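Could you build the full structure based on these sequences and the hints that come with them?
Chains as they are written, first to last, in the working numbering: chain A, 1 to 146; chain B, 147 to 620.
Simulated from the structure, these hints should not be mistaken for lab results. Here the structure is a predicted model, which means the values were calculated and not measured. No residue lacks a Cβ here, since even glycine has one placed at the ideal position from N, Cα and C. Incorrect hints may have been included.
Selected chain B positions facing chain A (Cβ under 8 angstroms, derived; list incomplete) [unchecked claim]:
1. His257
2. Phe277
3. Met280
4. Pro284
5. Ala287
6. Arg288
7. Ile291
8. Arg294
9. Gln295
10. Gln298
11. Ile309
In silico SDA-like links for lysine to any residue, alpha-carbon gap of 20 angstroms or less [as the list claims (entries may be wrong)]:
12. B:Lys273 <-> A:Leu96
13. B:Lys273 <-> A:Ala87
14. B:Lys273 <-> A:Ser85
15. B:Lys273 <-> A:Arg95
Beyond 12 angstroms from chain B on every Cβ pair, some chain A residues (computed) [claimed, not checked]:
16. Arg30
17. Val33
18. Gly116
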Amino acid sequence: MVICIAIGNALRGDDGVARYAVRLIASSDRIHVLEVCQLTPELACVIARGDVVFFLDADPSAAKVVLAPVETPCGNGSPLAHSMSPAELVAMARRLYAFAGEALLCRIPAKQFEYGEELTPQAKAAARSAAKMIAEYASLEFIDAG
Amino acid sequence: MSERILIHPVTRVEGHAKISIYVDDSGEVSSAQFHVTEFRGFEKLCEGRPFHEMPGLMSRICGICPVSHILASSKAGDMLLGVEIPRAAATQRRLVNYAQVLQSHALSFFHLSAPDFLLGMDVAPEKRNLFGLMESDPDLARRGIRLRQFGQRVIELVGGRRIHPAWGTPGGVTRAVGTAERDEIRSWIPEALQSVDIALGRMKAVLDSLPAEVEHIGNFPTLFLGTVTPEGALEYYDGLIRIVDAEGNIVAEGLDPHRYASYLAEASEEWSFMKFPFYKSLGYPGGAYRVGPLARLNVAQSAGTPRAERELREFKHRGRGAVCQSFLYHLARLIEMLHAIERIDELTDDPDLLREHVRAKAGQNRHHGVGSCEAPRGVLFHDYEVDDDGLMCKANLLIATAQNNLAMNRAVEQTARHFVSSRSLTEGMLNRVEAAIRCFDPCLSCATHAVGHMPLVVELRDSAGRLLDQARRG
Numbered sequence: 001m002v003i004c005i006a007i008g009n010a011l012r013g014d015d016g017v018a019r020y021a022v023r024l025i026a027s028s029d030r031i032h033v034l035e036v037c038q039l040t041p042e043l044a045c046v047i048a049r050g051d052v053v054f055f056l057d058a059d060p061s062a063a064k065v066v067l068a069p070v071e072t073p074c075g076n077g078s079p080l081a082h083s084m085s086p087a088e089l090v091a092m093a094r095r096l097y098a099f100a101g102e103a104l105l106c107r108i109p110a111k112q113f114e115y116g117e118e119l120t121p122q123a124k125a126a127a128r129s130a131a132k133m134i135a136e137y138a139s140l141e142f143i144d145a146g
Numbered sequence: 147m148s149e150r151i152l153i154h155p156v157t158r159v160e161g162h163a164k165i166s167i168y169v170d171d172s173g174e175v176s177s178a179q180f181h182v183t184e185f186r187g188f189e190k191l192c193e194g195r196p197f198h199e200m201p202g203l204m205s206r207i208c209g210i211c212p213v214s215h216i217l218a219s220s221k222a223g224d225m226l227l228g229v230e231i232p233r234a235a236a237t238q239r240r241l242v243n244y245a246q247v248l249q250s251h252a253l254s255f256f257h258l259s260a261p262d263f264l265l266g267m268d269v270a271p272e273k274r275n276l277f278g279l280m281e282s283d284p285d286l287a288r289r290g291i292r293l294r295q296f297g298q299r300v301i302e303l304v305g306g307r308r309i310h311p312a313w314g315t316p317g318g319v320t321r322a323v324g325t326a327e328r329d330e331i332r333s334w335i336p337e338a339l340q341s342v343d344i345a346l347g348r349m350k351a352v353l354d355s356l357p358a359e360v361e362h363i364g365n366f367p368t369l370f371l372g373t374v375t376p377e378g379a380l381e382y383y384d385g386l387i388r389i390v391d392a393e394g395n396i397v398a399e400g401l402d403p404h405r406y407a408s409y410l411a412e413a414s415e416e417w418s419f420m421k422f423p424f425y426k427s428l429g430y431p432g433g434a435y436r437v438g439p440l441a442r443l444n445v446a447q448s449a450g451t452p453r454a455e456r457e458l459r460e461f462k463h464r465g466r467g468a469v470c471q472s473f474l475y476h477l478a479r480l481i482e483m484l485h486a487i488e489r490i491d492e493l494t495d496d497p498d499l500l501r502e503h504v505r506a507k508a509g510q511n512r513h514h515g516v517g518s519c520e521a522p523r524g525v526l527f528h529d530y531e532v533d534d535d536g537l538m539c540k541a542n543l544l545i546a547t548a549q550n551n552l553a554m555n556r557a558v559e560q561t562a563r564h565f566v567s568s569r570s571l572t573e574g575m576l577n578r579v580e581a582a583i584r585c586f587d588p589c590l591s592c593a594t595h596a597v598g599h600m601p602l603v604v605e606l607r608d609s610a611g612r613l614l615d616q617a618r619r620g
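Now the structure itself:
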């Protein structure tokens with residue numbers, strides 16, 4: 001099972017780019033997609049069912065789409081409030097639910113985070129690259145939205 | 147020279163805050179303050195919007211307790227319409243409110259606060275967190291996650307999604323519940339009850355090993371305020387307000403939540419964005435009261451469900467009159483989780499839950515509506531005034547966390563006085579001061595909804611009250 005978790009707020013411009021990206025990957029019985037505003041502890045149970053887990057997130061510091069393994073959190077975790085990082089969530093899934101799959105973070109370049117549901121053309125292009133990259137990596141079908 | 151010790155940011159609470167501790171010439175703590183440094187503006191931004199939009203808009207105040215805002219807002223809308231909502235809608239609202247209490251308390255207890263008392267107040271902060279708890283007791287950590295997941299799942303099954311469900315509306319709710327959803331909810335009950343039982347056992351054992359924390363972290367007399375049934379039992383959706391004092395005497399009861407402004411008022415202090423509500427009859431700050439799990443268990447004579455009833459009776463023996471130890475908010479939270487699961491179980495047996503008539507339709511019949519319910523952190527009021535076209539003219543939100551503001555400040559000061567010495571500051575000391583705040587599980591996102599131009603001021607004063615330094619923002 002491939003699990004794709006798109007992180008971001010669709011009402012804050014390019015912050016919703018990950019949600020746009022996952023919709024460019026064709027649905028099938030091999031993929032489970034979640035769209036969330038933030039990562040919360042109960043998602044550990046969900047990702048534990050995956051063979052490969054992709055976290056997709058907008059990143060204003062990224063110059064291009066980057067797909068990289070999720071790093072182990074340093075210092076055994078930070079003070080935890082109600083949201084978590086992909087690394088913390090993966091660590092939790094490995095420790096509590098014996099998650100043994102692969103976890104990757106896809107950072108998608110994003111520039112504009114003002115109120116609104118529109119993505120910038122650059123973010124849309126980056127979303128297509130991200131979706132294509134993930135589809136190729138996991139042997140899924142990419143939907144080219146033009 | 148007097149000095150100030152600053153804890154900024156306060157960790158493992160929802161939102162952003164800081165604490166200032168003031169020490170005198172001899173190095174003893176003289177006072178302390180809990181500052182809320184977030185600023186939002188929901189009361190202002192809703193003006194001019196149709197009141198039908200309020201449940202959806204107000205739910206955005208918070209991602210942890212959106213259901214509470216949806217319910218209070220929908221109830222204010224019910225009053226503006228002048229309707230009695232269908233029984234199915236009322237049953238759904240009750241069910242989702244219990245689910246909200248469950249998931250929010252699970253987050254507070256297992257993820258935010260349990261590391262303090264299950265791992266130890268003096269353990270290094272990089273270990274004293276959920277990951278540390280996972281290492282020391284993975285089964286309990288898993289159970290905490292599952293309890294929160296259960297609450298979230300009920301909200302999703304009934305409301306359509308876990309966070310900000312577009313479901314509550316003036317006149318009722320927008321969708322019916324089917325048997326498949328009901329049966330899935332039922333299937334979680336046995337595991338959830340077992341998990342809370344285990345956590346209760348652990349918590350009671352831990353309390354015996356933390357006598358100093360129980361005694362000196364926020365242990366003082368105040369009033370307690372909460373909603374009860376007409377018979378005086380625990381109630382979270384629709385009841386009457388009761389106030390008891392530290393001795394457990396009923397100060398006021400049968401108070402109509404719609405008339406909250408006749409017995410509660412709000413003060414402001416220039417050093418916090420959060421208001422300071424108080425009970426009018428005793429003035430400010432003498433009318434300080436606490437709300438939330440501890441207060442609800444203090445005002446209720448009975449729980450109304452068998453397991454929670456047994457726990458409530460035992461709990462009440464921990465106080466002389468009312469239970470005044472704020473540290474016992476954590477235990478109260480677990481008892482409320484038990485009660486919420488029992489009530490969820492009962493409500494899934496209620497045939498009204500499956501009825502398809504879920505919304506009463508009417509035009510606007512009033513210009514003023516007030517809705518209230520018990521949110522996880524305490525009673526919540528939404529007060530709306532609308533014009534002839536149903537557009538919002540004014541909103542006042544009285545939030546649970548703000549109602550605990552006076553008590554939180556007092557708890558910080560008491561804890562600092564007992565545990566903090568400026569001569570040998572340790573992380574454990576400062577953590578206890580933070581823990582005083584975490585007892586109340588404050589949701590600062592909710593509590594700082596008000597708009598205004600109140601600057602944040604941090605003052606440093608000596609033992610004679612002379613101003614030594616001041617920092618101002620805004």
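Do the hints match the structure? See the list:
no. : hint                 : in the structure
1   : His257               : holds (6 angstroms)
2   : Phe277               : holds (3 angstroms)
3   : Met280               : holds (5 angstroms)
4   : Pro284               : holds (6 angstroms)
5   : Ala287               : holds (6 angstroms)
6   : Arg288               : holds (5 angstroms)
7   : Ile291               : holds (5 angstroms)
8   : Arg294               : holds (6 angstroms)
9   : Gln295               : holds (4 angstroms)
10  : Gln298               : holds (6 angstroms)
11  : Ile309               : holds (7 angstroms)
12  : B:Lys273 <-> A:Leu96 : holds (16 angstroms)
13  : B:Lys273 <-> A:Ala87 : holds (16 angstroms)
14  : B:Lys273 <-> A:Ser85 : holds (17 angstroms)
15  : B:Lys273 <-> A:Arg95 : holds (15 angstroms)
16  : Arg30                : holds (24 angstroms)
17  : Val33                : holds (15 angstroms)
18  : Gly116               : holds (16 angstroms)
Consistency note: the structure conflicts with none of the earlier hints.
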